[in-house]
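2 protein chains.
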Amino acid sequence: MPVSQKIHGMLSRSSWIRKMFEEGLLLRKKLGPENVFDFSLGNPNVPPPCEFKNALTEVASQSLPGQHAYMPNAGYPETREAIAAHLTQKFKVPLKFEHIIMTCGAAGALNVTLKTLLDAGDEVIIPTPYFVEYEFYVDNAGGVPRLVPTKKDFSLDLEAIRSAFTERTRAVLINSPNNPTGRVYDAETIKELSDILEEKERLYQRAVYLISDEPYNEIVYDGIALPSIMEYCRNSIIAYSYSKCLSVPGERIGYLALHPELAELEDVLGGMILCNRILGFINAPALMQRVIARIQGVQVNVGEYQRKRDLLCEGLSACGYSFAKPDGTFYLFVRSPIADDVAYVRALQQRGILTTPGVGFGGPGYFRIAYCVEDATIIKALPGFAETLQEYQNSRSV
Amino acid sequence: MPVSQKIHGMLSRSSWIRKMFEEGLLLRKKLGPENVFDFSLGNPNVPPPCEFKNALTEVASQSLPGQHAYMPNAGYPETREAIAAHLTQKFKVPLKFEHIIMTCGAAGALNVTLKTLLDAGDEVIIPTPYFVEYEFYVDNAGGVPRLVPTKKDFSLDLEAIRSAFTERTRAVLINSPNNPTGRVYDAETIKELSDILEEKERLYQRAVYLISDEPYNEIVYDGIALPSIMEYCRNSIIAYSYSKCLSVPGERIGYLALHPELAELEDVLGGMILCNRILGFINAPALMQRVIARIQGVQVNVGEYQRKRDLLCEGLSACGYSFAKPDGTFYLFVRSPIADDVAYVRALQQRGILTTPGVGFGGPGYFRIAYCVEDATIIKALPGFAETLQEYQNSRSV
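Residue numbers (the working numbering), protein chains in the order written: chain A, 1 to 398; chain B, 1 to 398.
These are calculated hints, taken from the structure and not from any lab test. Misleading hints may appear alongside valid ones.
Since copy identity is lost for identical chains, a pair holds within one copy or between any two.
BS3-like mimics (lysine-lysine), calculated; alpha carbons at most 27 Å apart, straight line [what the hints assert, rightly or not]:
#1 Lys96 - Lys380
#2 Lys380 - Lys200
#3 Lys53 - Lys19
#4 Lys200 - Lys92
#5 Lys191 - Lys380
#6 Lys96 - Lys151
#7 Lys53 - Lys200
#8 Lys200 - Lys325
#9 Lys92 - Lys19
#10 Lys6 - Lys53
#11 Lys152 - Lys96
#12 Lys191 - Lys152
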């Protein structure tokens, strides 16, 4: 075997996703690209805000000494300072530059965090459905994911989380607004979750961390207020990415923010800076660090995503699909009319509609629609969604 | 313990480096920054070529749809195409875009490679002295480094490498031009090393890869020709970074190049693309991918580093220091006049000279001087180098 056994296993497990991707390509050839409606990827289609573009051209045209050189592995102090000031207002907790570590996006931030915290066999509680890459990230650090289903409306099942704790539990990893469900956890939920963590810390005499993956932090609708995790939980670590709020996922820029009263803060910070280096990130890209320092608080027009959500939800509701309306993100997690979500996703494919089966998110019986697409794509795909559902309903009533 | 036991161990082991760094800061306060000569870091001081700046401002001012969006995890096909064309000429092996994977620098490239190839307990042969981060990279992937000393002139000891092979050996990791020694391995050495790999592949009935870390590829002096690893070795993987050739280490841009006839190429490529994603890199920064696609073959003025090398080597030689003159990089690995290189580095510190002890590179009894600094820094530091040596010689003759 040329690659490691683990990677070989991952490659074969992921091969059906690759197969569907290849089928998608074939579909474009067969139906013509104008008849293929791709809802499979969370690649933001709303353009970056003009403030981003302005900051980028300004920074790119500067000529500073050592402008593209190594900086401290945690990032430029000015950038970390600007973020800390912004978050102090937003999170209602006094953060300083030393509580911020610049990372290559949220994926980098999470890998750094897990590598810092986990010994082999340590457990991380993850509510499902979930962004399935978490499982790889935990495994990279030698940890074990403990998957805990959410309730029917995708809100946290706090009793199930409480029961999932063991003496090996090192962290709970949440993602709100959630990919793939679009659910936002409210303040009361976060407070209760924090109480559970404290209870278990007393029981096991060991710090348990709440890791909150927040790349969709700004993408919330209907005036919903996203609660500040830090306001409610002392042992909280936020993994953030600018990918979605600025529509720049290709640039790999994000950060880790640590609660100023985090258990043994110094060691965790030191470990994270070390891990950022030894995992091979070294530091977050220099140029983007300088760009985002100038545009804290700037974000894409979230109204665009809300319009797309409404268009899609109304359309699918009218056809007879059932789902929990998302509070945020640009994902809709729809109940599959048949138990076999992979089969249903394939049926949609026959009408040129590309979605992702729920099994890919630990949520079988559902499928995910990423609606970060043109409005026209949603409008043109609705008849196909309706016909596919009709087909299954007819076959059932026969 | 708040951080993992492994990270805790690493933090305490690296604490003397941190301590020396802190001492360096104190030194600046004590002596004044103008009297501190910092040769400790490999942070290039020659400015990026103007072609880089021009390409950057051009790319930054473009407005393409999805300009900062996700691209395929392996990178933009155009960028990979441009690199393949450049390397085909340089390496004398016909590379296509699919043999190139864009990475977050060479550190990212090496972590991706090792994660792809190693099962727990697999061994990687590494000649010493070496860039000590390799040990972390191998460990991240669950592997075991097998350190093999080089000869007195820092050329490869091929017999020692042959003897270090076991049935668990998965790869040999070389770095030429070498950090910290500046040594370049010649064509004959690479050919013989490749023969050893083939011999061991036959013996153990298993592919063994030559991983060549080449961030200093262009930084060679005296018209020395760096041999093409790919020309001599079929199972070769090149990890490259633009950090040094363009003086942009903060931007995290590099690539992996795989020999077109690599053993089970498809699986290795697939594994690497998967690992680039699951390790949290996702993809190399988008903007820099577009920049470097336009300036293949462009590099900093290497003559500047050669001038610095000559200035330093002549100066230290005149004082009585002994070393093997480097063929490339911007490092000089000097024999410590006393066995305890840490003590000697501390003695230099007393005269405001910051260097790195050889133990930090698996080369005790030496110290490293990174001469990517102003000429004036070298000139002003030479008396301090001379006085420190004199002091030790006097104390010995007493």
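Exercise. Is the C-alpha distance from lysine 96 to lysine 151 at most 27 Å within one copy, between copies, in both cases, or in neither?
Worked result: Cα proximity of lysine 96 and lysine 151: none, with 37 Å in one copy and 50 Å across.
Exercise. 27 Å Cα cut-off: does lysine 152 pair with lysine 96 within a copy, between copies, both or neither?
Worked result: Neither: 39 Å inside a copy, 50 Å across copies.
Exercise. With identical chains treated as interchangeable, where does the CA-CA distance between lysine 6 and lysine 53 reach 27 Å or less: within a copy, between copies, both, or neither?
Worked result: Neither: 42 Å inside a copy, 42 Å across copies.
For this session: State whether the alpha carbon distance between lysine 96 and lysine 380 is at most 27 Å within one copy, between copies, both, or neither.
Result: neither (49 Å within a copy, 38 Å between copies)
Exercise. Quick one: lysine 191 to lysine 380, C-alpha cut-off 27 Å, is that within a copy, between copies, both, or neither?
Worked result: Neither: 43 Å inside a copy, 60 Å across copies.
Problem set entry | Copy assignment of lysine 200 with lysine 92, given that the CA separation must stay at most 27 Å | within (25 Å within a copy, 61 Å between copies)
Exercise. Checking lysine 53 and lysine 19: alpha-carbon separation at most 27 Å within a copy, between copies, both or neither?
Worked result: neither (37 Å within a copy, 41 Å between copies)
Problem set entry | Within, between, both or neither, where lysine 53 and lysine 200 count as close if Cα-Cα is 27 Å or less | Cα proximity of lysine 53 and lysine 200: none, with 46 Å in one copy and 54 Å across.
For this session: Could you figure out if lysine 92 and lysine 19 sit no more than 27 Å apart (CA to CA) within one copy, between two copies, both or neither?
Result: Close neither inside one copy (47 Å) nor across copies (35 Å); limit 27 Å.
Exercise. Are the CA atoms of lysine 191 and lysine 152 at most 27 Å apart within a copy, between copies, both, or neither?
Worked result: Cα proximity of lysine 191 and lysine 152: one copy only (21 Å, versus 63 Å across).
Problem set entry | Intra- versus inter-subunit Cα pairing at 27 Å for lysine 380 with lysine 200 | neither (51 Å within a copy, 60 Å between copies)
For this session: Tell me, please, which holds for lysine 200 and lysine 325 at an alpha-carbon limit of 27 Å: within, between, both or neither?
Result: Result: close neither inside a copy nor across copies, 33 Å intra and 60 Å inter.
Taken one by one, the earlier hints fail for this structure at numbers 1, 2, 3, 5, 6, 7, 8, 9, 10, 11, listed in ascending order.
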